[in-house]
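Participant: Just so you know, the sequences run in chain order A and B. Terminal number for the first sequence in the working numbering: 397, no gaps in between. Terminal number for the second sequence in the working numbering: 1079, no gaps in between.
For the record, the hints were derived by calculation from the structure and aren't laboratory data. All the pointers check out, no bait thrown in.
Ranges of calculated distance between the beta carbons of each label pair, as one might list FRET restraints:
#  : chain 1 : residue 1 : chain 2 : residue 2 : range
1  : A       : D330      : B       : D990      : 34 to 44 Å
2  : B       : V956      : A       : K190      : 55 to 65 Å
3  : A       : R367      : B       : S958      : 26 to 36 Å
4  : A       : I218      : B       : N970      : 45 to 55 Å
5  : B       : P1036     : A       : E225      : 31 to 41 Å
6  : A       : G114      : B       : E944      : 48 to 58 Å
7  : B       : A1068     : A       : G378      : 29 to 39 Å
8  : B       : F1070     : A       : D273      : 44 to 54 Å
9  : B       : A1068     : A       : K12       : 50 to 60 Å
10 : A       : M2        : B       : A1027     : 29 to 39 Å
11 : B       : V956      : A       : D187      : 51 to 61 Å
Some residues of chain B that are not near chain A, with every Cβ distance over 12 Å (derived):
#  : residue
12 : A1027
13 : A1067
14 : A1068
In silico lysine to aspartate or glutamate, EDC-like type, Cα no more than 20 Å apart, as pairs:
#  : chain 1 : residue 1 : chain 2 : residue 2
15 : B       : K972      : A       : E392
16 : A       : K386      : B       : E967
17 : B       : K992      : A       : D385
18 : B       : K972      : A       : D330
Note that beta-carbon positions come from the ideal geometry of N, C-alpha and C, so glycine has one too.
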Amino acid sequence: MIYADNAATTKMSRKAFEAMLPCMEETWGNASSLYVFGQKAKEALEVARSKVAACFGASPGGIYFTSGGSEADNQAIISAATLGAKKGKKHIISTTFEHHAVLHTLKKLENDGFEVELLDVHENGIVSPEQVAKAIRDDTALVTIMYANNEIGSVQPVAEIGAVCRERKVLFHTDAVQAAGHLPIDVQKQNIDMLSLSGHKFHGPKGVGVLYAKPGIPLVNLIEGGAQERGKRGGTENVPAIVGMAAALEEACANMEKNTAKVSKLRDKLIDGLRKIPRSILNGDEIRRLPGNVSFCFEGIEGESLLLLLDDKGICASSGSACTSGSLDPSHVLLAIGRPHEVAHGSLRLSLSEENTEAEIDEILRAVPEVVEYLRGISPLWKDKLVGKREFLLPE
Amino acid sequence: MALYSEKVMDHFRNPRNVGSMENADGVGEVGNAKCGDIMKIYLKIDDDVVSDVKFETFGCGSAIASSSMATEMIKGKSLDEILTVTNKAVTEALDGLPAHKLHCSVLAEEAIRAAVKDYYDKHGIAYDAAQFSTPCAACHA
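With the rest of the complex left out, here is chain B (with noise of 0.2 Å):
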């Protein structure tokens, strides 16, 4: 029985969307150097839907898989429906992760979401503070 999923093993080893953007639309990173993860996730909006996406990881190999997989996920839809994204459904399309990697889902969602938050301040979009609360800013701190 090996530690991770096919899945999580095939997004780690063949990562989709990596790499970094020049002049992003939105930019969102996520987590910190001291706790062993960082994710950026850079993004590029055409008529509000995601036309392009990137993710640079510092991270053990879920985070690497989380990134990928979150980024396939948003990849063409409309912000309104990547906002949607959670943590749960990273995982579940990574066909699960290991109690102790959750974490790496939930630093994935939020990325996104602060990818999305980093659009809309710098294209001066109004939305409610309340959907970019960050669960996971507690084990971040």
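So here's chain A without its partners, still in its complex pose (with noise of 0.2 Å):
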């Protein structure tokens, strides 16, 4: 098998694994309990939560265990702007190709009274802090926008709108999702007041995640519960899963320009081989886009077919395409792009990591041209356009 998906989730590595065990067979004991077994649970989460921190330059303070990506999102989010609101504050700003757990949650926003201003990202998939800058009103109790972007990759300049934010005074967070462990990270150098991460994003466990919130930020709770999370998050911790995601967050830290450099060029041989295929674009910014990020659009075929074929070769990928969603519209994040519907049916994801090797890379390669043509050869949408009764949308 070849896991081309590291967008979705990654394998643990050893480290994390071997963190979690002595979590579960030794030190298992309620991380609130009073005696000592207990304490040495409490001793564990607060190291994990020192290591967590200092892969952010953060103080350990600011550093809240969630359930994960999502949970951190929706907190960050819920707490900006019910702070906002008790200022009077109730616009909020963000783009058009956030994550669900991001624009579901302003949508809710949106349906109690805050006004809500997602900017274009333009067809590289980058926001820019002019854009930003212009959007901020005195009423903007919010920016919130995502590190780099989980679909098509592109990575966008957080130093610059922290900067913007600090200067008008509103509060940033970032959904640092698919950046965390795989780009560097500064939390006081990019001006970053909130940040959420998942674990099992960077080889660490499912199920758990980070809400960082600059010490002095009021969070509102989303669970109620015991003081665990300094009252902020109610529900016994998970000890062993926050481990592992602490030693799977320092490992990738530790080695995150040995792997960049490693990815990124397998990255750029298979987006140079998936060009030569016909009526095919990259989607997302060529040279500020995850090392591992590799996201197409192929004129004529539909994406689930694709994947389902690539998945009979061993190969596992991912897609943008209204049929693997269940919808009838394709990934919002290729329409921010500005793909017509048409086009961004036909996408495929290929997310990598330092576990992919280079014959997988030729492998992959061998068998996308393959299947792609295969499909167009039985689909009467690719055949109207050779013979020109329709037209095609993509470049030769």
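Could you use the hints to bring the two separately framed chains together as a complex?
Facilitator: The structure is reproduced here in structure tokens:
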């Protein structure tokens, strides 16, 4: 099997796995218990907190463990909105291609009377700090812009956006689920007030994530309960998962340079190869993109059939096609960068990790053109284009 | 548990009657590019019987499988018989489709009807227009 869907989830690293075991076999106590056995779990929890904080130049006091990236996004946005509303600020700035954890939360706030402004991300999938500066108003409560896009891999100018927000005294949250462990992040240097991440995107376990909130920002609880996470997130801490995530993050950050060099080389080889397919187009900025992201649209075919046939060849990939999501509309991300519906239906995302090899890239480069050609061969749409009955939408 | 039944995967992987047809007696094309699925069915008619059938499909796995199954179900049948082929029958023959994929079988039924209608039109054969209403037109507007 060739696993090329690392943006969906990653394989747990050996280090993460080994860090988790003792938390289940030995120090499995409740971190809130008074006795020494429980306090040992508490100690492991706090060591993990410090490790996570150190990866982002943050203070451990700003790290809140959650069930994942979605919960962190929800809590960050709801908290900033609540704080803003208290001051009469009910305007929120975001972008058209955020993850649904952000977009759906914003929709909910819109129904509650907030005004949400979604900035255009252009054809390359990048929003500019100038756009943000222009959009900020006196009543802006929050700017929430993802660090890097999950489908097309484009990386946003986070530090510059952070600087604009800081200057205008507006809270800045970034969904860094795809970036954490893959790109250098420093919440202080980049003026990030709040940040979300998810453990399983950098070889940690699933079901665990982090909300970073600069100390002093009052958080609104999504889950009421005990005094865990300084009273901001009820529920007994999932110490094994938290410890595993911290180990994975520490490992990813320590090897970032090496991994980036390796993965981006594989990525570029894959991009160069797939480009040779006629009427294909790379999605997302070519330079400012995640080291492992390859996203393409192929004209005249539908993405789900492509995925199923690649699966038959042992290749695990993903698509932004409507048919994989169960709706008639293709990916909102591909539509946001201006791909016509028809073209967006023929999308393919391959997301690599340092575990992928050059031989696997060669294999993918053999399989994809073959499958695209086969599907075009049975596509009446493609045929109509070939004989001039319909126009081609992508350049040759 | 796989997304599709073995039957669907079989017809998707090894589609029957795939291709086009020179001088077809009736051609039906339904769906549209914006929605991500187009089905085209070609019929060869001899003495009111489908003597040959071909299809081409742009769409997902279940769209290709539905087209393939539909062509198998109408091959060698009389025009009266093939007009009774419903999307439900196509779905059942495929051992079911996920709920959000049922429209693919509707497209298959519509493609057959569109091809028959085309045959009638081309050959000046009178028919009851009500028989060829398109229930799926709404979602493929």
